[in-house]
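Student: Listed below are the residues making up each chain.
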Amino acid sequence: MENAFGLIYTGDASMQLRELTFSRSVAAVPFGGRYRTIDFMLSDLVNTGIYNVGIIAQKNYHSLMDHLESGKEWDLHRKRDGLFVLPPFVTHDNTGVYRGTVDAIRSCMGYVRRSVQKYVILMGSHTIYNTTFNAMLRSHIESGADITIMYNRTPIGDRRDLFDDLRIKFDENGRVCDLALNPAQTDTEFTSCDAFIMEKTTLEYLVEDAYAHAKNDFTNDVLVTNVRNLNIRGWEYSGYVARLNSTDDYYRHNMALLDKTVSKDLFSHEHPIYTKIKDEFPASYVGGGTAVDSFVADGCVIEGRVEHSVLFRGVHIAPGAVVRNSIIMQAADVGEGSSLDCVILDKGVTVGPRRVLSGHETYPVILRKGTHV
Amino acid sequence: MPKKKIIAMLLAGGQGSRLGVLTKSMAKPAVPFGGKYRIIDFPLSNCVNSDIDTVGVLTQYEPLALNAYLGSGQPWDLDRMNGGVFVLPPYVSGSEGQWYSGTANAVCQNIPFIDQYDPEYVLILSGDHIYKMDYAAMLAFHERKRAEATIAVLEVPIEEASRFGIMNTDEDGRITEFEEKPKKPRSNKASMGIYIFNWKTLRPYLVNDNDDPQSSHDFGKNIIPNLLRAGADLYAYGFKGYWKDVGTIGSLWEANMDLIGKDPVFKLADKQWRIYSKSPSMPPHYIGSEAKLLDCLISEGCVVYGHAERSVLFTGVHIGKGAVITDSIIMPNAMIGEGAVISKAIIGEGAVIGEGAHIGAGRLPEDGDYDTALTGDITLVANSVTVPAGRRVPVGMIVK
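Residue numbers (our numbering), protein chains in the order written: chain A, 103 to 475; chain B, 292 to 691.
Simulated from the structure, these hints should not be mistaken for lab results.
There is no bait here: all hints are sound.
Derived SDA-like pairs (lysine to any residue); straight-line CA-CA distance at most 25 Å: (1) B:K475 <-> B:R465; (2) A:K380 <-> B:V594; (3) B:K296 <-> B:E439; (4) A:K174 <-> B:K562; (5) B:K558 <-> A:V388; (6) B:K553 <-> A:E438; (7) A:K378 <-> B:N340; (8) A:K362 <-> B:G645; (9) A:K378 <-> B:G362; (10) B:K569 <-> A:S172; (11) B:K569 <-> A:S370; (12) B:K491 <-> B:D503; (13) A:K362 <-> B:S580; (14) B:K583 <-> A:G389; (15) A:K174 <-> B:A356; (16) A:K449 <-> B:Y567.
Distance windows between CB atoms, simulated: (17) A:N328 <-> B:W564: 52 to 62 Å; (18) A:T327 <-> B:D342: 57 to 67 Å; (19) A:K220 <-> B:K491: 52 to 62 Å; (20) B:K491 <-> A:E438: 55 to 65 Å; (21) B:W564 <-> A:S125: 24 to 34 Å; (22) A:D361 <-> B:S542: 38 to 48 Å; (23) B:M292 <-> A:R180: 17 to 27 Å.
A virtual CB, placed ideally from N, CA and C, is assigned to each residue, including glycine.
Take the sequences, apply the hints, and build the full model.
Tutor: What follows is the structure, given as structure tokens:
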């Protein structure tokens with residue numbers, strides 16, 4: 103058990119994830135054949151030995167609540183601590199809609215104050231990786247930093263992760279000397295992984311102080327502004343990091359799972375990623391049904407051909423259908439003789455017989471939840 | 292403790308010696324089945340789907356795997372405030388204590404457990420059958436007939452009837468006679484080993500039977516005949532559907548094969564009657580670029596680079612490049628090396644098959660004499676065994 107609790111912010115709805123976030127928060131976006139993004143944050147925390155987790159919900163949190171239930175799938179169904187979903191509520195000094203991360207954290211200060219652990223791990227919900235925070239926490243304590251940011255290296259020229267791209271520069275002592283959010287140009291490859299460790303009292307102070315000065319955004323108004331006043335340090339993560347900031351990223355990172363090194367990194371045996379169990383039957387390949395270079399979850403019935411694709415639980419591919427370079431979410435159905443290329447089918451989409459849908463890897467066609475073609 | 296209308300007692304004590312090395316370190320109900328299940332998932336899921344929320348699991352042989360698997364009962368929704376799943380091993384009380392010496396004795400030793408719930412009915416189940424059954428419908432039948440005991444029966448081909456306990460009934464379904472493995476069967480209604488008893492009827496019979504030194508303390512051999520002799524109201528409840536005793540290597544293999552294909556003999560993909568199991572939390576399975584699949588069941592966590600036909604791959608199985616698997620069952624976390632050939636075989640949990648090995652190869656004179664009484668033409672590799680690269684294992688051999 104670590105002397106820390108987790109606080110996950112699920113509020114912001116990235117417009118760049120388009121149809122994928124019309125009816126759900128980013129935290130509830132399905133990923134990797136049987137998961138939702140929040141599964142990675144929760145599993146990272148639980149695998150660290152952290153059993154007190156608050157989830158700040160803002161908009162569209164129905165599907166998130168539905169997924170989390172009591173938290174038992176992550177072993178967070180506890181008498182002491184456990185999982186706390188913190189939706190907005192209206193009081194005389196709380197309007198129910200957060201003006202930003204500062205406001206959101208402030209509105210759940212009651213939970214923060216009640217948490218008995220000394221340290222807090224503050225996380226966003228766009229960034230997926232599989233790690234434990236034990237070493238980062240040790241490093242935070244030993245360095246005497248006010249805040250430790252988890253970061254990884256992304257190429258300087260790689261401007262694909264533009265949304266919420268927090269670039270970091272260190273001085274010769276390893277202290278953060280510059281932070282820039284979505285800079286037009288950058289000369290540093292160190293990029294925040296959207297996970298911050300600090301003492302609980304530091305968080306309380308920073309949030310109250312920012313609020314008192316009518317500042318709303320934690321990254322901009324607390325971190326970037328205070329880079330010279332606070333001792334901010336970094337902890338480098340070298341594993342695979344998937345930032346889901348746009349549909350382009352979403353597509354690219356799901357497809358990356360077909361690369362053995364990536365899937366091994368994200369789904370290690372040592373640190374399993376837990377998710378809601380659906381009790382589906384194993385995937386069944388029947389008749390001429392087959393798959394190559396694909397990731398396929400339980401409950402799929404494959405009668406057609408699947409190539410270079412990710413299939414979530416309970417997908418049906420009818421005879422003669424060909425699915426290429428696509429992401430097919432839970433319980434979607436592809437009709438007889440249809441052909442799909444670079445397509446993202448959201449949950450429960452049905453494609454009738456002999457339909458042809460085709461996008462491009464730079465702009466995959468997305469069909470909204472429940473669409474019928 | 293609040294009274295329960297019905298509770299289930301699941302007999303999971305069988306050693307399963309006919310499954311050979313597969314049950315060397317686990318009780319038969321813990322044997323993997325159908326890609327992601329264990330045999331005991333079937334009766335447990337049937338209970339939950341039939342609204343029975345209290346299940347005693349009677350176990351005494353190699354209970355570790357089973358106990359660890361059942362845990363709190365959460366995967367079956369059997370972690371309940373009042374009720375749930377209970378593992379009931381034999382225990383010592385005062386200076387007395389003994390192993391379970393028969394099915395009836397096992398339940399008799401647990402009378403205090405049953406009495407806690409003061410149930411009207413007790414459902415007796417066994418832990419070695421694969422089937423989907425609505426026990427609630429059987430209970431409704433039992434109540435409608437005002438029976439003292441109801442026995443689920445399956446109509447079997449008359450030529451096979453002499454292998455089973457056969458019920459002879461009148462037109463109303465009332466049992467007039469019970470014959471254990473009759474030479475000349477007069478009916479084809481075979482007992483499935485599933486009983487509903489009125490607890491107040493059964494209780495004294497268990498106690499009396501336990502005091503009888505001549506008795507073998509068995510439901511089929513002793514309790515049912517004693518009830519019949521006393522003129523009790525026993526009814527046969529006809530079950531229609533798939534039911535298979537997976538007590539032998541051959542039947543275990545067949546039952547797995549029954550799940551494969553477009554219209555499988557036994558359809559498990561049924562949203563109305565899900566079979567629950569403990570999740571190993573593995574990612575979706577990955578099929579490589581050179582893999583070929585034909586009529587397979589593949590579970591999460593598998594990585595397949597080779598070919599697989601008419602086979603069941605359990606969770607976490609790895610099939611190397613160029614390996615060819617046909618008509619086989621590969622149990623959880625087994626590793627099949629590159630270029631290995633596996634034909635009509637059962638590969639145990641965590642077994643490692645070396646590169647280019649051939650499991651189920653044709654029998655040659657130099658293979659000598661080995662016993663295939665348990666296996667027939669199915670080749671069996673035990674749990675956690677390593678088969679060296681290039682090794683030939685002939686048809687029907689057991690590798691321990």
